[in-house]
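Place chain B with the ligand on chain A using the hints.
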Amino acid sequence: MNPLLPFLMAGDPSLEALPQLLSGAKALGLDALELGLPHSDPIADGPVLQAAAHRAIDGGATPLRVLEALAGLTDSPDLVLFTYLNPLLQIGAARLKKLLAPTPVRALLVVDLPFGEEPAFEADLRAAGYPMVPLLAPTTPLDRARQILAERPDPGASAPFAQRFAYVVARLGVTGTGQGTDLAPVRRRVTDLQALTTRPLAVGFGLSDAASLAAVRTMGATPVVGSALVQALANGKGLGEILAPGLR
Amino acid sequence: MTDSFALPTRFGAQQLGGCYAPETLMQPLFDLEAAFRAALGDPAFLAELKGELRHFVGRPTPLTPAPRLAAKLGLRALFLKREDLTHTGAHKINNALAQALLARRMGKTEIIAETGAGQHGVATAAACARLGLSCTVYMGVTDMARQAPNVARMRLFGTKVEPVAAGQGTLKEAVNEALRAWAGRCDRAHYILGSALGPHPFPTMVRTFQTVIGEEARAQVLEQSGALPDTVIACAGGGSNGLGLLVPFLGDGLRRVAVEAGGHGKALGEHAARLDGGRLGVLHGCKTLLLQDEHGHTAETASISAGLDYPALGPELAGFALDGQVEVRRASDEEALAGARLLCETEGILPALESSHALALLSALAAEGAATVLLGLSGRGDKDLSTYQSRLGI
Ligand SMILES: Cc1ncc(COP(=O)(O)O)c(C=O)c1O
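Top line first, the protein sequences correspond to chains A and B.
Quick note on this note's numbering: the first sequence kicks off at 29 and runs consecutively.
Quick note on this note's numbering: the second sequence kicks off at 172 and runs consecutively.
So here's chain A without its partners, still in its complex pose (with noise of 0.2 Å):
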C-alpha cells in the first residue's frame, strides 16, 4: 500500500523549486504525488490552498508554464495533476494529451468535473493514457459511488496507484480546515466503500497529524496530506524534515 499520498502546490514557492521537490519526493520513496495546477477560482479549496494559488499565479505559475516545467522529468513519483476544469477545457483535450505527453502526469482530478458533463473530453483523456480520479464525498450515497467508480473504472491491478485509486473525502468542506477530524465516520465510510471495491483508496481532506495519518493507514488506505504541507513549506521547512515523521 503506498504510505502517503502528498499535495503540492506548482509553483509555489517557484516553478524552478518543483524538480527538486517532486525528486525529493521520490527519495523519501513516494508512488504518486498529487499536484496543483494553480487556478483564480479555487471552490473546493480552503485558506491555505487558496494562499498558495494565488501566490503560485501571482509568480507566474500558468498552466502552459507548469506543464513545460514538468516535461522531460523522470526523477519523480506519478503525478496525479489536480484543478478545475477551466484551465483544462481552454487547452483542449487534443493539446492538453500532447502537452502532458513528455510529463509524469499519469491522473487528473477534476474538482469541479462530475462524470457525465464533459463525456467527450472524459474519454478522449481517458484513451490518451490520463483517466480522471474517482472522487467519493461524506454526501455520496453508496449507489452513487458504485456507479462514480463504474463511470471512472479501475484500469487494472497492473495500473499504477495514481490510476487506480479512488479519492475518499473525508468530511464537508473545503480543504484544509479539518481540525481534529474525527476519524471513526471516516473509518466507517472506508469499509462500507472497500465492500464495493478492491481499489485502492486515498483519504483526504485536512488531515495533518502523524496519528491520523497512521489511523488512515490502519483502514487499509492511503492518507492525502495536503494543506498542512503547502503551509510547511511555505514556513521554510524542508519536504523531508516535514513528511519524513509522517511516513514512519
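It is worth saying that the hints were derived from the structure and are not from the lab.
Keep in mind that this is a model prediction, so the values were computed, not measured.
Check each hint, because a few of them may be wrong.
[What the hints assert, rightly or not] Calculated lysine to any residue pairs in the SDA-like style (CA-CA distance at most 20 Å, straight line):
no.	chain 1	residue 1	chain 2	residue 2
1	A	Lys125	B	His466
2	A	Lys126	B	His466
3	A	Lys126	B	Glu465
4	A	Lys125	B	Glu465
Below, chain B with the ligand without anything else, positioned relative to chain A:
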C-alpha cells in the same frame, strides 16, 4: 433520495449550463431539484408563495407609464415595470423568498447567500427573518464599502454578513466563499443563489421564481395600451431580472434586449460585457460566456454597479443571446449615470445603478426605430446615493 436530475440541465444550441459541481454538492443538488419539482406541483406551496408575494413583497408591482421620459427620448410610449417598489427594493426578493420557503419545506434551518449590490443579501435576510431561519451572507469587501446601507439593513434583520477580502472583493469572490460555506454545511443549510447562475438546478429555479415579473408586465401592458410593446429591455448581471422579464415574451414578435455593464473601457478588466468580451468557459458550476484570460483564469471585471460586476452571464440568457432570441448590448458607467439622472428629472423615480444600464440604452433604441418600450426597473437607487452624489456632483 434521487440520484439524477429530471429537468433539462442545458440551454441552447451550445448546451450551456450543466452541473459542474464538486462531488460533495452533487447529492444536495439532486435533493434540491427534487424538492423544487415537488414544491411546484404542490398547490399548498404555490398558494403560500402567492400569498407571501402579495402581502409581504407587495406584488403585483405597478407598471408605470413614463410619458415625460418617453417624449424626451423620442419614444411613443415607455412603461416601467416597478420591481423597485417591492419590499426591500429590488426583484431579488421574488427569488429569495421563494427559495427560503423551499428551504423551510426541506427542513433546512440555515441559509447561506452571496450578494453583490446587497439587494439579494437584504432580500434573503428579510425572508429569513420572516420565516425564522438563521442567515449568513457573504459579501466582497469592495461591495460592502460601496453598498454600505445594505450591509446595515442585513444586520438589522439579524443576518451575519461575512466580509470576503479575496481578489477584487466583489460578487465573484462572494460566490466562491458561499459555495465553500455550503460544502461545509450542506447537511443543514440551503444556499440561496441570487441570480440565474451556478450549477443546475439554480439557473432554472431562479428563472422560474422570477418570471412573475414578465407575466405581470405582459398582462399589464396589454391592459394599459391594448398592445404589446415593440421592445422589452432589462439589465443583466447574472440574468435573473432579465430572464424574469423577457422569458414570458419569448413567443412574441418583438425585440428582447438585455444590457450588460460596459464599465469604463473596452479592454479586459474594464467592463463586465460578457457577450463581446467573453468565451465559453466554466465558472461557479456552469458553462457559459465568461470573461477569462488566455489561461482560463477568470478575468477581473469593472462596473459602477456592484450587481452587474460579475464575469459570467447566466447560462440560459447566454444561450438565448447566442441563439439570437435576446439581443445583448452594453452601457458604460457614464451612460448609466446619465440614464439615472434623466429618469430622476423626468419621472421622479430614483433607479438602482444596475437598472440604469437598461435606461441608458433607450436613446439608442429610439434611434434604431423603437417606438413602444417596456423596461424592467429592477431596483431602487437608495443604496447608490453616495455614488450618485460623488459621480454626479450633487
Ligand atoms: C437592482 C438590481 N438589478 C439587477 C441586478 C443584476 O442581477 P440579475 O442580472 O440577476 O438580475 C442586481 C444584482 O444585484 C440588482 O440589485
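Checklist line | Unmet hints by their number, sorted upward, for this structure | finding: none
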